[in-house]
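The whole structure should be built from the sequences, with the hints applied where relevant.
Protein sequence lines, in the order shown, are assigned to chains A and B.
Counting with our numbering, you get residues 1 to 506 for the letters of the first sequence.
Counting with our numbering, you get residues 1 to 154 for the letters of the second sequence.
Note that these hints are calculated values from the structure, not bench results.
Derived CB-CB ranges, DEER-like:
id : chain 1 : residue 1 : chain 2 : residue 2 : range
1  : B       : GLN146    : A       : ARG240    : 46 to 54 Å
2  : A       : GLY105    : B       : LEU151    : 56 to 64 Å
3  : A       : HIS6      : B       : ALA9      : 50 to 58 Å
4  : A       : GLY239    : B       : LYS80     : 42 to 50 Å
Just a sample of chain B residues kept apart from chain A, beta carbon distances all over 10 Å, derived:
id : residue
5  : LEU12
6  : THR15
7  : ARG61
8  : ILE103
9  : GLY141
10 : GLY153
All residues carry an ideal CB built from backbone N, CA and C; glycine is no exception.
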Amino acid sequence: MSESLHGILHGLAVAGMPINVLHTLLGVFIGTMISHLPGIGPSAGIALLIPVTFGMDPATALMMLAGIYYGCMYGGAVTAILLNTPGDAAAVMTVLDGYPLARQGRAGAALAIAAVSSFIAGTLGVTALTFVAVPLAELALQFGPTEYFALMLFALSMVSALTGESLAKGLLSVFLGLAVATIGIDPQSGRPRFTMGMPELQEGVSFLVVVVGLFALAEVSRMVEGTLAGTMQIVRVKGRIWFTREEWREAWPAIFRGWGVGFFCGAAPGLGGTISAMLAYITETKVAKHPERFGKGAIAGVAAPEAAVNGDACGAFVHLLALGIPGSGSTAVIMGAFIMYGIQPGPMLFQTHPDLVWGLIASMYVGNLMLLVLNLPLVGLFARVLYVPPGILLVIILGIASVGVYSFNTESLNLYLALLFGFIGYLFRLLDIPKAPLIFGLILGAKLEQAFRQAMTISSGDPMIFVRSPLAAGLILVAIVSIALSFWAKRKSTAALRGALATEPG
Amino acid sequence: MRDWLLAIAILLGATVYLYADSRLPRLAIGDPMGPRAFPALIGIGLLLSGLLLILETWRKRAAAAPHAADAAAGDPKHLKILLALAAWTALYYVAFEPVGYLIATPIYLFALLAFFNPRRWLVNSAVALGFTASAYGVFAGLLNVQLPGGLLGS
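Set out below in structure tokens:
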């Protein structure tokens, strides 16, 4: 407790440095812009910005990248309310009541409630993160390779069982990610594996190349189809961006319930923002006095999912920072950035890089405040991004993606690989395969193998070591149960969710 | 139908992966597993997910549900445009080093803009040149990345 307090105070001093404030602002600003651009979500946005951060202080860079992530979570509501289109997949539930509210002339109220609930949930979430992370990290320091292996297996099984509609396709995505992670020199024996004789591949397939291809380039294909299919109708905001007393009375309990649901979902690996928003929305329809109003413009139907999404984003940071396990597709991309800067996220982080981790957490308080300003008085200004012709936008995305991938290590092979993964991403969309599990597999692959081989070395090749530790055995059991349950469960999903889950992980 | 093809592709891919793995040298000094064991598990996992996909597709076959994927995705007219886009991008990547960033990029962008944002020559030229210049400024200027000079020399 006191350690956390001391840490966060120190972090605030780090986050308050002008250069860090500037980059946090830049991050949340870019995140807000990205959230307004249909087709490009947080994962693609973060990946496109990673090359620009090379040479920066890692703490500063991470503050910016994290800002993009939660900035995007904040701003997704704007297009949901004004355009009837979620700016990112996590805002899909906000559409259900946000757009009807806008049609009834209450766009200002819906936007204000979305911004305020995002702010409350974000701030509560960061506070919880501040105090939960250290105890969890201390617990995780006791973990040996067996427990780590089980924990990662658990995260991978959750993400493959819970994203998308088909268990087989989720598993397939995870295993593909793991397989891509094995390309390159085996760090323990020094032998090249699956490099197909190409020396450029000895360092492995860069995670940046995969993410840019899979998310940015593949999403361009969606934008192309959107551009060709026609334009969208924007509802104009009339009147003041604020809500009435009655609306607030209805919204605030929903904000707290939504936050609770979101934070706990975020703290479970694999449950992205979309699922949190969905669960929060369902909770509201269950506790509401007038459930029939949902879908027709209930203010709680905007407040709860928005709070959940932002609570979830903070929850996902808990085990990214404390355990080194990503919580969602986007935090997996942020974890990739950590690794590219040569920093291994996980329990040791609080001891080896206290400036970085506490600075990052503290910057999230600052960023949340900035977002409240960006999303309340300035929301009209940002909505103008929506008027940029999509034809120009997709060309700019292609340009940034190409230069960014090349600049990573000035290797043209990376350009071809990015194009290949862009094609794979397109196939994934065509075949309804979720992308988040692949990123999880790719990011965790090396650590999973290391833990596996260390554990097997300790036991001199006896696989029973994984069930001798009660914690490891428990986690593996939960992993197996979650896979088995998702195999037997008949998936119920509404048409809206079905579309959203296949597009982009929260 | 698509899912059957996918399942077959996975099974084939997993077999190739496992074969490549089996060709890796066995180096078991102090490491009972060596570099082969973990990829072997992944390969088996891929095989199993392929088989599971066959099972899932088989179970769904009776329901004959309409395809849930994006309705827009896979439209033959869009497919042609996407293929052309991919080919043009591949050409840009091939030209990137020999022709050079400063020449290849504006041409690549301008052609795309002419197609996706037609008839707005002035705006499109400004975007193509402006993007090339500002990205050059950020990457070559601020970040010291060596962008290829190509025909312009380095």
